[in-house]
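Engineer: Residue numbers (my numbering), protein chains in the order written: chain C, 705 to 986; chain X, 705 to 986; chain E, 705 to 986; chain Y, 705 to 986.
In short, the hints are calculated from the structure, not lab data. Hints should not be assumed to be uniformly reliable.
As the list claims (entries may be wrong) - When the alpha-carbon atoms are kept at most 20 Å apart in a straight line, the in silico DMTMM-like pairs for lysine to aspartate or glutamate are as follows: (1) C:K724 with Y:E848; (2) X:K832 with C:D834; (3) E:K939 with E:E962; (4) C:K832 with X:D834; (5) E:K724 with X:E764; (6) Y:K832 with E:D834; (7) X:K724 with E:E764; (8) Y:K939 with Y:E957; (9) Y:K724 with C:E720; (10) Y:K832 with E:D840; (11) X:K832 with C:E934; (12) E:K832 with Y:D955; (13) Y:K832 with E:E848; (14) C:K832 with X:D755; (15) E:K724 with E:D955; (16) C:K832 with X:E848; (17) C:K832 with C:E881; (18) E:K939 with E:D955; (19) X:K832 with X:E848; (20) X:K724 with X:D867; (21) C:K832 with C:E882; (22) E:K724 with E:E957; (23) Y:K724 with Y:D955; (24) X:K832 with C:E848; (25) E:K832 with Y:E848; (26) C:K724 with C:E934; (27) E:K939 with E:E720; (28) E:K832 with Y:D840.
As the list claims (entries may be wrong) - Selected chain C positions facing chain X (Cβ under 10 Å, derived; list incomplete): (29) V804; (30) N808; (31) Y844; (32) S850; (33) S918; (34) A959.
Note that beta-carbon positions come from the ideal geometry of N, C-alpha and C, so glycine has one too.
These are the residues of each chain, in order.
There are 4 protein chains.
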Amino acid sequence: MCRWLAYSGSPIALAELLYKPQHSLIDQSRHARMGVETTNGDGCGVGWYPDLADRASPAEPAVFRATGPAWSERNLLELARCVRSPLFLAHIRASTGTAVQQSNCHPFRYGHWLWMHNGAIHGFPELKRDLALLIDPSLYPYVEGSTDSELMFYLALSLGLRDDAPRAVERMIRTIEEAGQRHGVPAPLQMTVAVSDGSRLWAFRYSTEHRSRSLFFSTDVRTLRTLHPEVAALKEVADGTRIVVSEPLGDLEGAWHEVPESSYAYVADGHGELHPLSSVAA
Amino acid sequence: MCRWLAYSGSPIALAELLYKPQHSLIDQSRHARMGVETTNGDGCGVGWYPDLADRASPAEPAVFRATGPAWSERNLLELARCVRSPLFLAHIRASTGTAVQQSNCHPFRYGHWLWMHNGAIHGFPELKRDLALLIDPSLYPYVEGSTDSELMFYLALSLGLRDDAPRAVERMIRTIEEAGQRHGVPAPLQMTVAVSDGSRLWAFRYSTEHRSRSLFFSTDVRTLRTLHPEVAALKEVADGTRIVVSEPLGDLEGAWHEVPESSYAYVADGHGELHPLSSVAA
Amino acid sequence: MCRWLAYSGSPIALAELLYKPQHSLIDQSRHARMGVETTNGDGCGVGWYPDLADRASPAEPAVFRATGPAWSERNLLELARCVRSPLFLAHIRASTGTAVQQSNCHPFRYGHWLWMHNGAIHGFPELKRDLALLIDPSLYPYVEGSTDSELMFYLALSLGLRDDAPRAVERMIRTIEEAGQRHGVPAPLQMTVAVSDGSRLWAFRYSTEHRSRSLFFSTDVRTLRTLHPEVAALKEVADGTRIVVSEPLGDLEGAWHEVPESSYAYVADGHGELHPLSSVAA
Amino acid sequence: MCRWLAYSGSPIALAELLYKPQHSLIDQSRHARMGVETTNGDGCGVGWYPDLADRASPAEPAVFRATGPAWSERNLLELARCVRSPLFLAHIRASTGTAVQQSNCHPFRYGHWLWMHNGAIHGFPELKRDLALLIDPSLYPYVEGSTDSELMFYLALSLGLRDDAPRAVERMIRTIEEAGQRHGVPAPLQMTVAVSDGSRLWAFRYSTEHRSRSLFFSTDVRTLRTLHPEVAALKEVADGTRIVVSEPLGDLEGAWHEVPESSYAYVADGHGELHPLSSVAA
Chain C
705 MCRWLAYSGS PIALAELLYK PQHSLIDQSR HARMGVETTN GDGCGVGWYP
755 DLADRASPAE PAVFRATGPA WSERNLLELA RCVRSPLFLA HIRASTGTAV
805 QQSNCHPFRY GHWLWMHNGA IHGFPELKRD LALLIDPSLY PYVEGSTDSE
855 LMFYLALSLG LRDDAPRAVE RMIRTIEEAG QRHGVPAPLQ MTVAVSDGSR
905 LWAFRYSTEH RSRSLFFSTD VRTLRTLHPE VAALKEVADG TRIVVSEPLG
955 DLEGAWHEVP ESSYAYVADG HGELHPLSSV AA
Chain X
705 MCRWLAYSGS PIALAELLYK PQHSLIDQSR HARMGVETTN GDGCGVGWYP
755 DLADRASPAE PAVFRATGPA WSERNLLELA RCVRSPLFLA HIRASTGTAV
805 QQSNCHPFRY GHWLWMHNGA IHGFPELKRD LALLIDPSLY PYVEGSTDSE
855 LMFYLALSLG LRDDAPRAVE RMIRTIEEAG QRHGVPAPLQ MTVAVSDGSR
905 LWAFRYSTEH RSRSLFFSTD VRTLRTLHPE VAALKEVADG TRIVVSEPLG
955 DLEGAWHEVP ESSYAYVADG HGELHPLSSV AA
Chain E
705 MCRWLAYSGS PIALAELLYK PQHSLIDQSR HARMGVETTN GDGCGVGWYP
755 DLADRASPAE PAVFRATGPA WSERNLLELA RCVRSPLFLA HIRASTGTAV
805 QQSNCHPFRY GHWLWMHNGA IHGFPELKRD LALLIDPSLY PYVEGSTDSE
855 LMFYLALSLG LRDDAPRAVE RMIRTIEEAG QRHGVPAPLQ MTVAVSDGSR
905 LWAFRYSTEH RSRSLFFSTD VRTLRTLHPE VAALKEVADG TRIVVSEPLG
955 DLEGAWHEVP ESSYAYVADG HGELHPLSSV AA
Chain Y
705 MCRWLAYSGS PIALAELLYK PQHSLIDQSR HARMGVETTN GDGCGVGWYP
755 DLADRASPAE PAVFRATGPA WSERNLLELA RCVRSPLFLA HIRASTGTAV
805 QQSNCHPFRY GHWLWMHNGA IHGFPELKRD LALLIDPSLY PYVEGSTDSE
855 LMFYLALSLG LRDDAPRAVE RMIRTIEEAG QRHGVPAPLQ MTVAVSDGSR
905 LWAFRYSTEH RSRSLFFSTD VRTLRTLHPE VAALKEVADG TRIVVSEPLG
955 DLEGAWHEVP ESSYAYVADG HGELHPLSSV AA
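Can you make the complete structure from the sequences, with help from the hints?
Structural biologist: Have a look at this one:
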């Protein structure tokens, strides 16, 4: 379906994670190992928050989105080389049916919030109208594209994302599952979602049938330094640096932990946590 | 806003009208004379019905749509040279705010129906949700883009376009104007619209404030032949051939009549008519 | 590298071969089995000659070329459904380094000639200038893109393609191999090439190291009818119909023969032949 | 033909010049006043050098180039808002015939050099081969597109641009004019060119017929402050800040001086100068 990467930590050039690793996100655009398809060639995007050291805060993120495959997108490469950021979301798309167009590329932005998704709402053509009606009328005009992913974002915003992200995502999950029930769609939701407000980052893993797409959370940097004293790069990143990815970027032993089913990773203020999605985990 | 052309008559290569005339539609993409802007560079499209002589009827139209300006769109030129059709709609877009993407390019297609529009629903962000809810739930999943134009098409389909096109368009007009009233938008609608089912062609001109965008209807070919016995091309086209355009394609004396305010042109079975939009003409 | 298909026979809708077969060319854009890569997502194109029954001959072919992956290219699908042709070339591209742009998509056209290629000139950056200088000065201005494939076409045109296609292609091969020798590139050429003038079709398979990319030639239709009396479609195609493909389109027993190393298939006047590339076969 | 802008001075967000001024470069993409065409909709690009304060020097510039019109290019807007640079080149293209593709968008980059052009080599199809042969063989493989503009860049590089930019550009001019003479093209060159190595900026204005496209150089900031004590923005920019543009960005009295025929502006080390192109000024 798609692959994505979210980063929070010491400011780095985006290319360090998007291009340089052995199994980088760009590599995954042609050679995904854990996705439904090996090819994720239906567009790409990156949203990044400015480095607070050199800008006024709290800043709106910038977003770059393109419809071509990531592997041949030269502007993405240019950007990734010169933009440094302490917090960014990157995405490569494999459409599940909706049009290949910029407004369907992730991440989606509303104010200083960014959202991206891997997965699908099954039976989306049948469920779409019901779900669109549940978007707050004041938010409705901001929906630009035609994907299930963007609609999920506006549903979550309508259900309180800005106040309590995990509770709003749980409400969004239940809302979609109730719509699925009304329309006779047995397992309507399949998702890994990353969302950020510029200081906090959440990464959710959930599916109705509890067989969710892969999601990995990087190990605490302090632990990794002990495991791998030989890896110099680990000395340069801040203690709280974390990466959440659809697929590990390489084979460094102990570097990646699977995010459990029906749970989410949370990164803020220099540390990371895992929590169950208690109200929907049933 | 946009410029368009609709043709019904003897099968001709699309290029005869899209490229060859002095002030062709492609010329209008950079040098429109009667539009709000001289430039219509936000995409282009053409939908055409097959020549019934060599196909089984009633056929679905084919649609070509591209996001670049018409003047540099090589595939359009190739197509226009080799495709012959007795009935086609062509459009060059000047966005009034919605994204430049293929799914926002005209003409829009549903089954064997084609629709294209020049103009705007004013206050569209405010009115959009109300109008979207009035689309028949069975049609709702087919809306692919984000334009007012496509939404008007699905509203018209929901309001009976397939049974009685002029009455359905009048209902659509009233529906949009009522939504405008509810939201305090004084003059919500500005439109010239072409719609066809493959055998009939309608071209509507209307705006709430009765100052609609330009629309011209070609003179009956028999009359033109008498006026211009020197124009050889007129001998080769069938009697009932008609062209409806946002702007005249050239300066041939007597060749073009303005479609009056709040009325529509109708072309079928080899003849053309003009009718008032009686129930909204007030 | 790339995959392609060339067809000569009874006029058919392009979609019959591009979309309908089990392992169609469009399927190969994501799931090539015999290519260097499974993904061929760097553009696509089709060039077709008009059906002589309804046009004046000898006609220029039309060409459609797009930079996105074939699997999501809606205009190609539209075209393929409505265009019927007795002779066409279709191509899906996997770039070997040159830019993803329309002018690098195949097939290339010069007058009524079409050319497409799978493979590469190895060491192309080093050899390019030498080879460009050997293009006839009168043809030089027509080179539009930056690929080795288009340059090969103009070399072949400069070396007599219009007079004797197989001999000109052999000269082109030797010219490239000589340039390779001068620059110390041991195995400079890897190619399967299709070329047509609108009535004849040639399909070449060659590589300096005699380990060429796959190429298949469809069996004579009369033979296939005897083998498969149960396949109704075979009764509808003319006797001389032939398809040349990078990979078989399906699993019909006996339907496909590999084109041997260093040889070419020739289709014209309703029959097909295989010939060695004698002067370079060494 | 095209319009461009070059900036050297205090680091600013690109959007300050590309989007904010009354007659900004983006405005010029639809409403150029002094160009051959009012529309410059055949692509856009910007190349910028990093702010040396936060990067290691001497840095390669980053380049963003897109084929759509600047007015609807959302990624350009995003970039322009978040990228700050002390030295950048921005361009909007109106093709004089060559393909609308990324590799034909300006600025062109070689190493840490950037180049952009407004104008044309007249008779380019006839002259192209001669000129291409004069590119140094070691530079030839770096030519990616098909424009006269990029070819001029590689000619200038071959003729010593890196050692003495003004002399190399004069040599390039003479080389093109000699090729024109050989081919019977009376006035082969029309150009305004900006070129930078990351610390110095040159802007040339020349045409064989001495009727060159418009080019303006901003007045010394100290002088402007005296003229306009009411303009607060002038207090914030460094003394040596200079802008060179195809058309003035606004109507501030005394802010713009025309660059004379057959001369060039030079900006470095915080001051600007104008010099004649002595050897070609005849």
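Engineer: Each hint needs a verdict: does it hold in this structure or not?
Structural biologist: The hints, checked one at a time:
no.: 1; hint: C:K724 with Y:E848; verdict: violated, 25 Å
no.: 2; hint: X:K832 with C:D834; verdict: holds, 16 Å
no.: 3; hint: E:K939 with E:E962; verdict: violated, 24 Å
no.: 4; hint: C:K832 with X:D834; verdict: holds, 16 Å
no.: 5; hint: E:K724 with X:E764; verdict: holds, 18 Å
no.: 6; hint: Y:K832 with E:D834; verdict: holds, 16 Å
no.: 7; hint: X:K724 with E:E764; verdict: holds, 18 Å
no.: 8; hint: Y:K939 with Y:E957; verdict: holds, 17 Å
no.: 9; hint: Y:K724 with C:E720; verdict: violated, 33 Å
no.: 10; hint: Y:K832 with E:D840; verdict: holds, 13 Å
no.: 11; hint: X:K832 with C:E934; verdict: violated, 59 Å
no.: 12; hint: E:K832 with Y:D955; verdict: violated, 49 Å
no.: 13; hint: Y:K832 with E:E848; verdict: holds, 12 Å
no.: 14; hint: C:K832 with X:D755; verdict: violated, 37 Å
no.: 15; hint: E:K724 with E:D955; verdict: holds, 14 Å
no.: 16; hint: C:K832 with X:E848; verdict: holds, 12 Å
no.: 17; hint: C:K832 with C:E881; verdict: holds, 12 Å
no.: 18; hint: E:K939 with E:D955; verdict: holds, 18 Å
no.: 19; hint: X:K832 with X:E848; verdict: holds, 14 Å
no.: 20; hint: X:K724 with X:D867; verdict: violated, 36 Å
no.: 21; hint: C:K832 with C:E882; verdict: holds, 13 Å
no.: 22; hint: E:K724 with E:E957; verdict: holds, 18 Å
no.: 23; hint: Y:K724 with Y:D955; verdict: holds, 14 Å
no.: 24; hint: X:K832 with C:E848; verdict: holds, 12 Å
no.: 25; hint: E:K832 with Y:E848; verdict: holds, 12 Å
no.: 26; hint: C:K724 with C:E934; verdict: holds, 19 Å
no.: 27; hint: E:K939 with E:E720; verdict: holds, 15 Å
no.: 28; hint: E:K832 with Y:D840; verdict: holds, 13 Å
no.: 29; hint: V804; verdict: holds, 8 Å
no.: 30; hint: N808; verdict: holds, 9 Å
no.: 31; hint: Y844; verdict: holds, 4 Å
no.: 32; hint: S850; verdict: holds, 6 Å
no.: 33; hint: S918; verdict: violated, 30 Å
no.: 34; hint: A959; verdict: violated, 39 Å
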